[in-house]
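Protein chains: 2
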Amino acid sequence: MAIKQVIVVRKDIRMGIGKSCAQVAHASLAAAEIAMENYRSDYLEWKQTGEKKIVVAGENQEQLGRLFEDARTLNLPCYLVRDAGLTQLKPGTITTLAIGPAPEEKIDKITSHLKLL
Amino acid sequence: MAIKQVIVVRKDIRMGIGKSCAQVAHASLAAAEIAMENYRSDYLEWKQTGEKKIVVAGENQEQLGRLFEDARTLNLPCYLVRDAGLTQLKPGTITTLAIGPAPEEKIDKITSHLKLL
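Residue numbers (this note's numbering), protein chains in the order written: chain L, 41 to 157; chain C, 41 to 157.
The following block holds chain L by itself, in its conformation from the complex:
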């Protein structure tokens, strides 16, 4: 069973490419650390198989919030990034959500309808 991580980026807010990349990295790292501590065998398999990461587009803050709750319900490692608001956004703005590393089939249950960014 392949292990992957999906990162959802809001497309309804204006962020430069560098800003988007930094937010995705922040989400990815935080969810990976949760997996490293709590889902160790999935985490290790992910590391050993190239750390598959898929970046997809999310509609808005509400959708990311719902996906986060869905991921928690499925007991998947996940992390929601709220921007500190020092540069381009208002403080506390939700920008990205990382789900996994976790088995592909489990993540697909809640993210398979999302399009690649």
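Certain hints may be false.
Identical copies go unnamed one by one, so any copy, or any two together, can satisfy a pair.
Keeping only pairs whose Cα atoms sit at most 25 Å apart, straight-line, the calculated SDA-like set for lysine to any residue is [said to hold, decoys possible]:
| id | residue 1 | residue 2 |
| --- | --- | --- |
| 1 | LYS51 | ILE94 |
| 2 | LYS130 | GLN103 |
| 3 | LYS130 | ASN78 |
| 4 | LYS92 | THR113 |
| 5 | LYS87 | ALA124 |
| 6 | LYS130 | ARG80 |
| 7 | LYS130 | TYR79 |
| 8 | LYS155 | ASN78 |
| 9 | LYS59 | THR113 |
| 10 | LYS130 | GLU91 |
| 11 | LYS149 | PRO131 |
Just so you know, these hints were derived from the structure itself, not from any lab.
Use these hints to put chain C onto chain L, whose structure you have.
Relative to the frame of chain L, chain C by itself:
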């Protein structure tokens, strides 16, 4: 002394936003793990102070290679991403370089001339 991570992305190759974000996340995570294992106090300070990440533009493969050597010479945690080439790029293409988490002054010695992506 503030701790940050700088991620350099090649701007001379065509990558979609999602692809760029995934490559940056890959570089960021790998360099963070090197720091976690080998530069623990810098890593912990970075975690506790919001994990500052700066994404900048690199000219080409040669420049990223030189920056990587410079970072190693300065004994900074760093990681060069070579793409597996499954989607948009040729296998082995260098796409991104992460330097740090490490003290800002040390990283700035080699990256301060680079512009934000």
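Here's how the hints hold up against the structure:
{"no.": "1", "hint": "LYS51 with ILE94", "verdict": "both (15 Å within a copy, 21 Å between copies)"}
{"no.": "2", "hint": "LYS130 with GLN103", "verdict": "within (18 Å within a copy, 35 Å between copies)"}
{"no.": "3", "hint": "LYS130 with ASN78", "verdict": "neither (32 Å within a copy, 35 Å between copies)"}
{"no.": "4", "hint": "LYS92 with THR113", "verdict": "within (23 Å within a copy, 30 Å between copies)"}
{"no.": "5", "hint": "LYS87 with ALA124", "verdict": "between (29 Å within a copy, 14 Å between copies)"}
{"no.": "6", "hint": "LYS130 with ARG80", "verdict": "neither (35 Å within a copy, 32 Å between copies)"}
{"no.": "7", "hint": "LYS130 with TYR79", "verdict": "neither (33 Å within a copy, 33 Å between copies)"}
{"no.": "8", "hint": "LYS155 with ASN78", "verdict": "neither (28 Å within a copy, 38 Å between copies)"}
{"no.": "9", "hint": "LYS59 with THR113", "verdict": "neither (29 Å within a copy, 29 Å between copies)"}
{"no.": "10", "hint": "LYS130 with GLU91", "verdict": "between (32 Å within a copy, 18 Å between copies)"}
{"no.": "11", "hint": "LYS149 with PRO131", "verdict": "neither (31 Å within a copy, 31 Å between copies)"}
Of the numbered hints given earlier, the model fails hints 3, 6, 7, 8, 9, 11; all others are met.
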